[in-house]
Each structure stands twice: as structure tokens, then as C-alpha cells.
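J.: Spelled out from the first residue to the last, the chains are:
2 protein chains.
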Amino acid sequence: MVPKVDVDGGEEVVGKLCNLTPVIAGLAREEVEELFVPPLNFANVDNGVFRSGFPNAANFSFLQTLKLRSVLCLCPEPYPDASMEFLKLNGIRLFQFGIEGAKEPFVNIPEDTIREALKVVLDATNHPILIHCKRGKHRTGCLVGCLRKLQRWCLTSVFDEYQRFAAAKTRISDQRFIELFDTSSLKHLPLSFSCSKKS
Amino acid sequence: MVPKVDVDGGEEVVGKLCNLTPVIAGLAREEVEELFVPPLNFANVDNGVFRSGFPNAANFSFLQTLKLRSVLCLCPEPYPDASMEFLKLNGIRLFQFGIEGAKEPFVNIPEDTIREALKVVLDATNHPILIHCKRGKHRTGCLVGCLRKLQRWCLTSVFDEYQRFAAAKTRISDQRFIELFDTSSLKHLPLSFSCSKKS
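Which chain is which? The protein sequence lines are A and B, in order.
Heads up, the first sequence is in the numbering used here, so the first residue is 142 and it goes up one at a time.
Heads up, the second sequence is in the numbering used here, so the first residue is 142 and it goes up one at a time.
Hints were generated in silico from the structure; no laboratory data involved.
Take these hints with a grain of salt, some might be off.
Here chain A is said to cover these stretches of chain B; the calculated rule only asks that three of the stretch's residues, wherever they fall, bring their Cβ under 8 Å from a Cβ of chain A [what the hints assert, rightly or not]:
{"no.": "1", "region": "184-197"}
{"no.": "2", "region": "282-295"}
{"no.": "3", "region": "299-306"}
Just so it is clear, CB atoms sit at the ideal spot from N, CA and C, and this is done for glycine as well.
Model the full structure from these sequences, guided by the hints.
T.: This is how it looks when you write it as C-alpha cells:
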């Protein structure tokens, strides 16, 4: 039995949730509230667009708060059952553009795949959308980098953002891919983002 | 005189803008379009909230695309004339909560100042808002970290985000400040963010 503790309105919660000793349970009420666990490398990219590493069950309650309409996965492996179940339960559509997770010097990001994925990201009817791969560094970094080019960010800023997520795993080949990526075939698409058009 | 070059519709632009040799000017037209320069360490924090280092004149055309309603500056120095002029011209309100930029072990982030700044950030009538200090690492990192606590992010994720921006300049004292920051007095304020409430 869990002893009653003197926490403002929090006795039942403490008792039910964590079976704590009175000493620990004596913390402020916020300490016993459930905390959200965003996925690895989670961030806002722009209005309605998020990025992260592969979300797992611990991240599901956080993801629900984003009210996602779509998830865009850049990994080629079959989507895990538990994740499929989560998407179904929440009415979230899955787009999968499988790109092999290679290591340098054998990295080969297929330009056509990134271009098709980018079309999905640019389509506001898919928003809010979460882009993810495994760690949210390389494949996701390339896709977001190409999006930034389309938003006409200078390469210095595009690479700075890429490196913020890739950190010690930064790849020259990814940055070369972003630099060489030709955005001309996508320029006719409307951009719904904050920094899409020069005013 | 700049030689005429064979760029689709881009001759005049090339000639006017950059006085390039024909070899360089022969690049695709997109190369001669003006690019945006986001401020140092720029990122989306959440819907209608941005963060960065101190914006300078090179960033003004990018900032215009964000259609900002407010700027929240955490530096104590008088705001530069050129920046004030930019804000005035674009109808942007300045909130200044001056915090000295100290180095460890003499860092002292005033909790009351962060709390008042947080109230401004939480007020959706101030959005879109840009939070900035000098480099967008420490003072901005502390404020955003406290915001994440209010959004009930677990500390691991709060620190991960803090470190992504502070990188090699990560400060234990900032993280301790975030950890100890008491959000209870702010919990009654409505949060307009995507991940504000558990659904």
C-alpha cells in the first residue's frame, strides 16, 4: 500500500502512477505529471513540417500532440507493426520513400527519390507532416537541406542546419548532394511556408 | 563592361548584380537569384516562435519573409539604430529583457527576467516572434529550455535541443538553471503551441 502524502491534490496520482515512497512523493505536483518524450533529433522545420529520428512507442504520446496528418519515412525497411498501429489509430497517412542507410564512401542518395519525397512535403494538404529516417541526421538532413534550397536559403545556412543535427556524423557527400540538387523542376509548386517567398 | 552571356532571361540580372565573367555567369539562372541569409543559429521553435543569434542587415530580407510581429531581445545593450529602423519600417514591436552575457563560472541567469520574457513568448498576440540574444546559444537556449519544460518535454530532450545550438559552448550552469526553473507560476497561461496539451 502506498502511504498518503501531503502533495496538493496529487495523492491519488502519486499512488497510482509510481508507487513512490513518501520522501520522493513529497515533490511538487509537476514532478509526477507525465512528461513528453520527443523522438531523437526532433525539431520544427517550418510551419506544419517536423523532422526526427525513428519514433518509438515512448514517443507516441508526444506525437499525438502534434496532430499529424502524415508521416514521411525515408527508411526502406517494413514499417514496424506497433508504429503502423499507432498511425492507424490516429488517422495518420504513411508515405515511405526507402533510401538505404549507407556509410561513406558508399553513400548514394537517389535524387529522384528525394524529389518525390519533397513533393509530398511541399503539399500542404499533407501537413502537419513528420519527416524521419533512423537517426534524423543524414537522409532527413538531405531532404530538409533540399527544401531549404527551394526556400532560397544560402548554402552556408543550409549546411549549418544540416551540421547541427548530424554533428560529429556530418558527411561531405550529403552536403555535396544538397549543393548539386537541382530545384528547378520544383519551383512551380506553391510553398506554404513562412519563408517561401520574398515579399 | 560585362559581356552578354547565354543565360535564359538572366543577362541583365547578371550584368547588374555581380559583374561576373562569362564562365561563372554561365550557371543556371537560379544561381543569380538573390538568396536569403537566415541569422546565425536560426531555427523554428514552434508555430509562430523563432530563435536565432543577433540579426544583422544581411538577414533583414530573410526576416521579412517571416512576417514577424515581435522581436524579443535578451541582450542589455541599446538596440542598434539600423535594427531599430528595420523594426519600425516593418511594424515589428521590440521587447527587450536585458541579461548580461557572462562566461562560466560567473553566469547568472535571472529567473524573474526569464519568467517575464516567457510570458511575452507565450502570448500568441505577439506571434510570429523571434527570440534572440547575441549568438543564440546561452540566453536564448535558457529561455527556449524553460518553454520546453512548460510544454512538458522530458529534460533529456530539453538538454539535447539546448546542446544542439550551444554545441562546444554548452554550459552546465545553463542546464542547471533550466532544470531548477519553476514553471508552476506560468501553468495557468494558455499555450498556443502544437505540443502544449496532452490530448
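J.: Each hint should be assessed against the structure and marked as holding or not.
T.: Results for each hint:
1. Against chain A, the region 184-197 of chain B contributes 5 residues with a C-beta closer than 8 Å to a partner C-beta. That satisfies the three-residue criterion, and the hint holds.
2. Only residues whose C-beta sits within less than 8 Å of a C-beta in chain A count toward coverage, and the region 282-295 of chain B has 4 of them, enough to reach three; the restraint holds.
3. Residues of the region 299-306 of chain B lying with their CB closer than 8 Å to a CB of chain A number 4, which satisfies the three-residue condition for coverage.
Of the numbered hints stated above, none is contradicted by the structure.
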